[in-house]
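K.L.:
One line per chain: the protein sequences are A and B, in this order.
Start counting the first sequence at 4; every next residue gets the next number (our numbering).
Start counting the second sequence at 103; every next residue gets the next number (our numbering).
It should be emphasised that the hints constitute simulated quantities derived from the structure, not laboratory data.
The structure displayed is predicted, hence computed values, not measured ones.
Any given hint might turn out to be false.
Below, a list of computed lysine-lysine pairs in the DSS-like style, where the Cα atoms sit at most 25 angstroms apart [to be verified]:
no., chain 1, residue 1, chain 2, residue 2
1, B, K316, B, K327
2, B, K263, B, K117
3, B, K223, B, K197
4, A, K335, B, K117
5, A, K11, B, K116
6, B, K197, A, K11
7, B, K305, B, K316
8, A, K7, B, K224
9, A, K15, B, K224
10, B, K233, B, K223
11, A, K266, B, K117
12, B, K212, B, K233
13, A, K15, B, K197
14, B, K233, A, K15
15, B, K169, A, K7
16, B, K223, A, K266
17, B, K305, A, K15
18, A, K15, B, K327
19, B, K224, A, K336
20, B, K169, B, K117
21, B, K316, A, K335
22, B, K305, A, K266
23, A, K94, A, K266
24, B, K263, B, K212
25, B, K197, B, K212
26, B, K117, A, K336
27, A, K11, B, K233
28, B, K316, A, K7
29, A, K94, B, K230
30, A, K7, B, K212
31, B, K223, A, K11
32, B, K212, A, K266
33, B, K230, A, K336
34, A, K336, A, K266
35, A, K15, B, K230
36, B, K212, A, K11
Pulled a few chain A residues facing chain B out of the computed Cβ check, cut under 8 angstroms [what the hints assert, rightly or not]:
no., residue
37, F85
38, S92
39, G285
We put the beta carbon where it would ideally sit given N, CA and C, even for glycine.
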Amino acid sequence: MYPKALWKLFNKQTRFVLGAYWFLTLLATPYMYWLVGRFDTDNSFEFHHSLDSLTGNLTLGAVIALACIVMGYARNNRYNEFTLTLPYSRKTIFFSYWSFGTFHIMLATSMSYILTYITIQSTYLHTYMASGYLWKAWSGYLLFTVAIYSLALFVGTFTGGFVSQFIITLFLLILPGVFVVTFDELLRIHTVRDFSLLQYVSPAEPYSLSMLTNTFEMFIEVKNSVIVYEYYLPNWSIHTLLSPLLYIILSLGLGLFLFSRSKSENNGKIIIFERFQPYFFGVATILIMILGGFIIPLFLPFVQPERLYSFYLGAFITGILCFFILRRIMNKKLTWLK
Amino acid sequence: MLNVRNINKTIEDKKVLHDISFSLTAGTITGLIGRNGTGKTTILKTIAGILDPTSGDITFNNLSIQKHPSEKVNFVYVSDSTQFLNSYTPNEIAKLYISIYPTFDFELFKSLMSRFQLPLKKIRSYSKGMKAQLAIILAFSSRVSLVLLDEPTNGLDPIVKRQILQFIVEEVAVHNVAVLISTHHLNEIEQIADQVILLRDGKVDLVASIEDAKERYVKVQAVFKNELPERLTLQENITVLGKIGRVYTLLINDSISQTYALIEAEHPLLLEEIPMTLEDIFVILLGGDDYVS
Numbered sequence: 004m005y006p007k008a009l010w011k012l013f014n015k016q017t018r019f020v021l022g023a024y025w026f027l028t029l030l031a032t033p034y035m036y037w038l039v040g041r042f043d044t045d046n047s048f049e050f051h052h053s054l055d056s057l058t059g060n061l062t063l064g065a066v067i068a069l070a071c072i073v074m075g076y077a078r079n080n081r082y083n084e085f086t087l088t089l090p091y092s093r094k095t096i097f098f099s100y101w102s103f104g105t106f107h108i109m110l111a112t113s114m115s116y117i118l119t120y121i122t123i124q125s126t127y128l129h130t131y132m133a134s135g136y137l138w139k140a141w142s143g144y145l146l147f148t149v150a151i152y153s154l155a156l157f158v159g160t161f162t163g164g165f166v167s168q169f170i171i172t173l174f175l176l177i178l179p180g181v182f183v184v185t186f187d188e189l190l191r192i193h194t195v196r197d198f199s200l201l202q203y204v205s206p207a208e209p210y211s212l213s214m215l216t217n218t219f220e221m222f223i224e225v226k227n228s229v230i231v232y233e234y235y236l237p238n239w240s241i242h243t244l245l246s247p248l249l250y251i252i253l254s255l256g257l258g259l260f261l262f263s264r265s266k267s268e269n270n271g272k273i274i275i276f277e278r279f280q281p282y283f284f285g286v287a288t289i290l291i292m293i294l295g296g297f298i299i300p301l302f303l304p305f306v307q308p309e310r311l312y313s314f315y316l317g318a319f320i321t322g323i324l325c326f327f328i329l330r331r332i333m334n335k336k337l338t339w340l341k
Numbered sequence: 103m104l105n106v107r108n109i110n111k112t113i114e115d116k117k118v119l120h121d122i123s124f125s126l127t128a129g130t131i132t133g134l135i136g137r138n139g140t141g142k143t144t145i146l147k148t149i150a151g152i153l154d155p156t157s158g159d160i161t162f163n164n165l166s167i168q169k170h171p172s173e174k175v176n177f178v179y180v181s182d183s184t185q186f187l188n189s190y191t192p193n194e195i196a197k198l199y200i201s202i203y204p205t206f207d208f209e210l211f212k213s214l215m216s217r218f219q220l221p222l223k224k225i226r227s228y229s230k231g232m233k234a235q236l237a238i239i240l241a242f243s244s245r246v247s248l249v250l251l252d253e254p255t256n257g258l259d260p261i262v263k264r265q266i267l268q269f270i271v272e273e274v275a276v277h278n279v280a281v282l283i284s285t286h287h288l289n290e291i292e293q294i295a296d297q298v299i300l301l302r303d304g305k306v307d308l309v310a311s312i313e314d315a316k317e318r319y320v321k322v323q324a325v326f327k328n329e330l331p332e333r334l335t336l337q338e339n340i341t342v343l344g345k346i347g348r349v350y351t352l353l354i355n356d357s358i359s360q361t362y363a364l365i366e367a368e369h370p371l372l373l374e375e376i377p378m379t380l381e382d383i384f385v386i387l388l389g390g391d392d393y394v395s
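Bound conformation, chain A alone (with noise of 0.2 angstroms):
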């Protein structure tokens, strides 16, 4: 049976959030392509557009919030205890969030680069831009993009709520990156010695979902009509489009396993699953309190933040703080109903 009704519900249910995506997407590229081609440039400009920009960030927020308000925020609000009553299975249900989110992906990704390919055909924008970048940022983006949501939907079958979800799953695509400098700077702090692991595991930038934010990017410098400097962000390769695909495969995969096993009578809670509980509170302690090591003492007048001891005394006090603190939220349901 095609889940026409979930769709219908889906629609509903994420009106706002999927009106900010659409307006962001289509403000994000084709209008700012615009805004440049319309000037009259006497055949001399500069050209720079990048997805790290607040609207490009703010679109990829509004990827992860779609996830989150249709998974996450019905787990909250018990509008999810509605859907899970029709007669669809959860695998059907799961996959309809999935292709539901992944339909406006594509759709409003699609018309953003066609109005942006229509806007580059009708200004002096097309002399200069390299034929075929367009075709390569917009099958990249779009895998990244649908990468990004479904990562969000897979992160929403174990959490219990709209915060839990959107955190966890941020925390995930900055996850490679944030562990590598943390564990970088602990390694420092112990031994006084610079490894800068980071020039290891740049090579493996490629392969992370956070490059979405940062690697999208062209610019063009035109002097009496010559290129004088150009560059194109990402150069692509084929393992490059894999791993997006493999994020899509593994999130949607792990997500319709655990979806179908979901345990709804902790929605509300963070991690509903009570046997990931332990797990989850203890690799959220830990990583809490490393970082809780490094930020404390900068705030401890009696000690000098960069010795080992404040580390120590750092992680000790944001450790206690967490240990109560997080016992007592996950245990809790976070509910928005009357």
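Knowing the structure of chain A, use the given hints to seat chain B on it.
P.N.:
Then chain B, alone, in the frame of chain A:
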């Protein structure tokens, strides 16, 4: 039609449902009664597919609902929370139901909206009682075989409550719908239900028709010269429901005629049988009437 077989449910290491079994047949109204926190809503949510049973099975027309969720097209669950309706207008929500339930009768929906005088404006502006009415109208307009109602009359004024109960009885009689109502408004259930399922601490304590349940018990008023004779107070099947002056209200459970004879042997000044209510049975089985409204 619906068979619930040996359902168990554990939430946060606490067993909330113990081996629940019962059946529902077409054209009957079943009341699911019990004190607060005994698992009434958990049972309804498990049947509706919101919660998974830890063990046991629920079948509809001999098909497991968990394995064949498409069978849920034959029933509608009306939750005690109607918040999801807020963003719709009545016509929008009816159209959504049409796309879910192929049997949805839009003409019936319109006539019921008019019968219960519900306006066609945004549901957000409805009162709690109006939302409850709308949810019930949507359920019955879906023309399904089974309707699950969780505390359906909460928030309804007495007149609307009577209209809704009357409407449910009509639907069951005319369209052979099965209705399972979770409630602790015993007087309402007594008026309309064919059978009751009484829950105690997550276990089924009694499944019986209202008549059978009442036949198992007799309520009498008795006046004695002095206090209630000690011989009677020692009888395990006699419960003192109340005492006003020297007038005792007693509930006799099982061995009715022998116990009646026993009371007569104490030469009461007055002994008369008075009508039993479901609430009396509820009180004796679950102990205390502080949760009964």
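K.L.:
Given the hint that K212 (chain B) pairs with K11 (chain A), does the C-alpha gap stay at or below 25 angstroms?
P.N.:
holds (21 angstroms)
K.L.:
Can the restraint linking K11 (chain A) and K116 (chain B) be considered satisfied, given a maximum Cα separation of 25 angstroms?
P.N.:
violated (37 angstroms)
K.L.:
Verify the proposed pairing of K223 (chain B) with K11 (chain A), using a straight-line Cα cut of 25 angstroms.
P.N.:
holds (20 angstroms)
K.L.:
Going straight from one Cα to the other, do K117 (chain B) and K336 (chain A) come out at no more than 25 angstroms?
P.N.:
holds (19 angstroms)
K.L.:
Between the alpha carbons of K335 (chain A) and K117 (chain B), is the straight-line distance 25 angstroms or under?
P.N.:
Answer holds: K335 (chain A) to K117 (chain B) is near 20 angstroms, not above 25 angstroms.
K.L.:
Please work out if K169 (chain B) and K117 (chain B) have their alpha carbons no farther apart than 25 angstroms.
P.N.:
Judged against 25 angstroms, a Cα distance of about 24 angstroms means the pair holds.
K.L.:
Hint S92 (chain A) vs chain B: min CB-CB distance below 8 angstroms?
P.N.:
Result: holds, 5 angstroms to nearest chain B Cβ.
K.L.:
Taken at face value, is the distance from the CA of K230 (chain B) to the CA of K15 (chain A) at most 25 angstroms?
P.N.:
Given that 25 angstroms is the threshold and the Cα spacing comes to 21 angstroms, the pair holds.
K.L.:
With the threshold set at 25 angstroms, check whether the alpha-carbon distance from K223 (chain B) to K197 (chain B) stays at or below it.
P.N.:
holds (15 angstroms)
K.L.:
Given the hinted pair K212 (chain B) and K233 (chain B), is their alpha-carbon gap at most 25 angstroms?
P.N.:
Distance of about 15 angstroms is within 25 angstroms: holds.
K.L.:
Between K224 (chain B) and K336 (chain A), does the CA-CA distance stay at or below 25 angstroms?
P.N.:
violated (29 angstroms)
K.L.:
Would you check the hint for K305 (chain B) and K266 (chain A), treating anything up to 25 angstroms between C-alpha atoms as holding?
P.N.:
holds (22 angstroms)
Figure legend: structure checked against the earlier numbered hints; hints not met, in rising order: 1, 2, 5, 16, 17, 18, 19, 21, 28, 29, 32 and 39.
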